[in-house]
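> The residues making up each chain are set out below.
There are 2 protein chains.
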Amino acid sequence: MDYERLIRVARGEEPADLLIKNAQIVNVLSGKIESGDVIIADGYFAGVGSYTNAGRVIDLKGKYIAPTYMDAHIHIESTMLTPAEFARAVLPKGTTSTVSDPHEIANVFGIRGIELMLKLSESLPFDFYFTLSSCVPATHMETSGAKITAEDLERLTLNPRIVALAELMNFPGVIFHDREVMAKLKLAHERKMIVDGHSPGLLGNDLNAYLCGGILSDHECTSVEEAREKLKKGMWIFLREGTTEKNLLELLPLVNDFTMSRMCIVSDDKDPVDILEVGHLNASVHLAVRNGISPTTAFRMASLNPASYYRLYFRGAIAPGYKADFQFLHNLEEDLLKPLAVFKDGKMVAENSELIVPISSPTIPEWAIRSVNLNRQLSADDFKVQPSGSKMRVINVILGQIFTKGEVIEVDGMRKAVPDPTEDILKLAVVERYSGQGKLSVGFVKGFGLKSGALASSVAHDSHNLICVGTNDNDMAYAINQLARLNGGLIAVNDGSIIGAVPLPLAGLMSVESATETARKLTLLLRAVKEKLSSSLDNPFMSLSFLALPVIPELKLTDKGLVDVNKFEIVSLFES
Amino acid sequence: MDYERLIRVARGEEPADLLIKNAQIVNVLSGKIESGDVIIADGYFAGVGSYTNAGRVIDLKGKYIAPTYMDAHIHIESTMLTPAEFARAVLPKGTTSTVSDPHEIANVFGIRGIELMLKLSESLPFDFYFTLSSCVPATHMETSGAKITAEDLERLTLNPRIVALAELMNFPGVIFHDREVMAKLKLAHERKMIVDGHSPGLLGNDLNAYLCGGILSDHECTSVEEAREKLKKGMWIFLREGTTEKNLLELLPLVNDFTMSRMCIVSDDKDPVDILEVGHLNASVHLAVRNGISPTTAFRMASLNPASYYRLYFRGAIAPGYKADFQFLHNLEEDLLKPLAVFKDGKMVAENSELIVPISSPTIPEWAIRSVNLNRQLSADDFKVQPSGSKMRVINVILGQIFTKGEVIEVDGMRKAVPDPTEDILKLAVVERYSGQGKLSVGFVKGFGLKSGALASSVAHDSHNLICVGTNDNDMAYAINQLARLNGGLIAVNDGSIIGAVPLPLAGLMSVESATETARKLTLLLRAVKEKLSSSLDNPFMSLSFLALPVIPELKLTDKGLVDVNKFEIVSLFES
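Just so you know, the sequences run in chain order A and B.
Numbered per my numbering, the first sequence finishes at 606, counting up by one with no gaps.
Numbered per my numbering, the second sequence finishes at 606, counting up by one with no gaps.
Hints may be right or wrong, so weigh each one.
One side of the interface only, derived from the structure: several residues of chain A facing chain B at Cβ under 10 Å [as the list claims (entries may be wrong)]:
| hint | residue |
| --- | --- |
| 1 | Tyr33 |
| 2 | Lys51 |
| 3 | Gln54 |
| 4 | Ile55 |
| 5 | Ser65 |
| 6 | Phe75 |
| 7 | Gly77 |
| 8 | Val204 |
| 9 | Asp236 |
| 10 | Leu261 |
| 11 | Leu279 |
| 12 | Leu282 |
| 13 | Pro283 |
| 14 | Asn286 |
| 15 | Arg330 |
| 16 | Ser338 |
Since the hints were made in silico from the structure, they are not lab data.
Bear in mind the structure is a predicted one, so any value in this text is a computation, not a measurement.
We put the CB at the ideal spot given by N, CA and C, even for glycine.
This is chain A alone, in the form it adopts within the complex (with noise of 0.2 Å):
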């Protein structure tokens, strides 16, 4: 940075790059409207005021100009796009930046996953940042990709884009002091890093236990008073919306002025449909407006806090010697959802939601599209369930949540253990996608409401092996197999034909295709889905992704079987 020639043009001795002219400035650090001219060079604002000097001249007539948004906490991966997609498709929404534990594709590689998915998002117009990933794998009760102890961690810690350890969900780990957690923890506070929470429901005396360890930030609060006690125990709270946990509107009440300095509104999780169609941070700014938050605070916590979090200073306000992400807008009422343009460093990379700069997408190595290792068809046969007690758990589905609930059903009214689809029980599978034996798992489960065939999917959270739901079992060895015979992605088959797929063959977690077309194909999956299989879920392979991941509550299952989350510990399917 050339502070020496950033200093001559806000005094108006130097032309600078760019004048904004008659500008409605929005200043989350006063919290204010104001009006003003802005002037840039080398990619920062160098001053905001009265200027005239500049090679390049925007009258903005009174429109508006505001920070662009930087997501605290968002999983690249679950966008199911590759960096470079993912920056096409939220730059025109006035995201210019993110922070995200690459922890999906930690799973499946390993630190090889989080080097590339460092050098899949260089030299983009969008800044990348990323947590290190510390629960690889998030529990001992399944098969992962990998396993990444504080050993391999340390090294990424110099990387100037790792900006914290990421979110601790093994709060097992810490309560009762795990050697490999707190050796992470360890290494954190001696690096002097952040250290990202997860803790849903984590209260009381466990949640000062927790927070010992040195745990700053939390975005799985689900009420107010969860909120309010960690934000007053001192965690920064993150108002998740993203497309299956919306939490924004519940937690609102909370922001007050003591607490909107210390609030971030993410979105965790969001798939490519929702991002093109409805939108990404601008969307729940949106919302959070029009639910009567004041626009300089909507925007403060999706800009100017997310940066003060991480300690990316110079960031995410209007002011001089701040970098210059900025955008255009018509109001900040419903054209918040449409900026007119987008600046990135200083340059416009969008306008009227229309990319304006070319990006490129670095290549994938080819070990990184053959990450899903099966050397054998499944058959029917492997799904087969035979009772050994007369009364069996299954996991229920809660609409709109990633914790299930776990229920013991009668078995006696199934004959053999098998799917029940006019009662809505079906079966459940889980294929260890890594050693190439295809060991598998098999549950039943309430809520999909599926009518007939199966969905797989290779994004099965955490450890990301083959997870699979259907009701019958030649479907479900169907599904699998024609899965593994695309290198992973979602899947729907139906009466031994495939009705719908969206290949993701990037660690079985990503497209390699465009952002437009990936949501395209997951488009006509998931109505393909609701129309022959009659599901009555709006995204069943979201709730699909979450039922492999043993640190939500309450029943989940993993390639190594049903694990009771409450207990921590792997439990039978039948009870005696």
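Based on these hints, arrange chain B on the given structure of chain A.
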């Protein structure tokens, strides 16, 4: 820090060191007063909630527990006390931490002076942080005891108690990108250090230019308008309430929901009488509360906010994992001035305004108490002025301000340019104290109101040469000679005899006696000056100390001559 024990204590599995029952908690994170128990282990808060298991229990019976204070900007040297004596004075008033720019001693001894302050502040029940003096000497228009370059500062950046590049007073140096100033900024930004600002009255495009240097704060605002512009351009605003510079009440109207997270209450310069008799930050917090600021907001600006600004995390609030620095208060009104007890790192250090732990001062090295080097006795002749024009520049002292006004008077009315106490025109001299040659410059000043005698001081910002104001040349020479004999300090003489003195042999800036004894001598000195010399100022030595500071407008006197600060150049005493 033993995280594992803290976590066990938080869960109630192991007894805490201390349990505080039935507390009303001043929560600066939520802005509320909350009821609960607080437990402490190993000097940290382990939990807030409901607890029973502890080695020691204090039942507060509904009294308040609040964080202790951190002063984000104070010059320890200005208190005239060693760090140990300063800690002794302010611990009973609820201050447990300070961030100081040691630039007074740095101007006298250079890097060696900063290292001495680090050494003298070790191993005390108090957290002394320092910033790296950025402007030594403040300008080229004076002789200081040392010069500090960016290279000199570099090795100190790794010290964990060094938290910032100190107040960048040389704002013209930034605006006109002085080579040495830019080198220091570069060093700070490379090391990701905070850069404190100091820019009285700087506004508009010049302020923009200054901020482009990456400056983060200002403690020199004297009006709401000035502070509002600085805040909205990204600066943190420090509300200063010192012994002479009092800006808190003027700036309080700026405290609102958007700004309160970026404001701190600081003292900058406080004399020992003020500290012992009125108070430190406790008095400023009390003043803010009396003037309508909520107690939680006032506390936040003197605890959590300073810690956040200096990136000293897990400090400044009563929350799990935070450092257990706290105080008990009977109420949040008058008794803010008298904490019932003060705890540092979980241990009680003061009770009922009395220190209850031993504080021993480290030995002061011999070289540090021999800093006034005058190899000759001055005589009255040294102070004579020969008029060389018909108009003479006179410095006008402004009551309660550190800036002055320049005035031009006709010398016809003063036969030989001599002091005229009836018109309150006194002689001012600055004697260079480092080389031994005793070179001096002489000027005239209005506003002291002395009727006889002379005052001299080795505290003369920022180069700390010997400064003297007097009604006659004999007393001025005597005052300087006696001051040199004391190795520095404050002295008042009348008709050839000393009527009061505060010896400050440590760098000519600090007393080696106790806080009480230093304050007693200062009180006696000020009383003698008022009664015997009829000074019209409350603390003429404080005013005197700023008359040699050529970075604060408008007309000042250094050992090299009269300085027109606005022109930033030396001007002649007489206009032709």
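> It remains to establish, for every hint, whether it holds in the given structure.
Going through the hints against the structure:
Of the supplied interface hints, the one on Tyr33/A holds, with its beta-carbon coming within about 6 Å of a beta-carbon of chain B, less than 10 Å. A least Cβ separation of about 15 Å between Lys51/A and chain B goes past the 10 Å threshold, and the interface hint is therefore violated. About 14 Å separates the beta-carbon of Gln54/A from the nearest beta-carbon of chain B, more than 10 Å, and the hint is not met. A least Cβ separation of about 9 Å between Ile55/A and chain B falls short of the 10 Å threshold, and the interface hint therefore holds.
The closest approach between the C-beta of Ser65/A and any C-beta of chain B is roughly 12 Å, which is over the 10 Å cut-off, so the hint fails. For the restraint placing Phe75/A at the interface with chain B, the shortest Cβ-Cβ distance is roughly 9 Å, inside the 10 Å limit, so the hint holds. With a cut of 10 Å, the hint placing Gly77/A at the interface with chain B holds, because the nearest CB-to-CB distance is about 3 Å. At a threshold of 10 Å, the smallest CB-CB gap from Val204/A to chain B is about 7 Å, leaving the interface hint in force.
Given hint, Asp236/A at the interface with chain B, holds; its Cβ is 7 Å from that chain's nearest Cβ, closer than 10 Å. At about 6 Å, the closest approach between the beta carbon of Leu261/A and any beta carbon in chain B falls short of 10 Å, and the interface hint on this residue holds. At its closest, the beta carbon of Leu279/A sits 21 Å from a beta carbon of chain B; the interface hint therefore is violated under the 10 Å criterion. Hint on Leu282/A is violated. Least Cβ distance to chain B is approximately 15 Å, over the 10 Å limit.
For the restraint placing Pro283/A at the interface with chain B, the shortest Cβ-Cβ distance is roughly 14 Å, beyond the 10 Å limit, so the hint is violated. The criterion of a C-beta within 10 Å of any C-beta in chain B is met by Asn286/A, whose closest approach is roughly 7 Å, and the hint holds. With 10 Å as the threshold, the beta carbon of Arg330/A comes within range of chain B, its nearest partner Cβ sitting at about 8 Å, so the hint holds. For Ser338/A, the interface hint holds, the least distance from its beta-carbon to any beta-carbon of chain B being 9 Å, beneath 10 Å.
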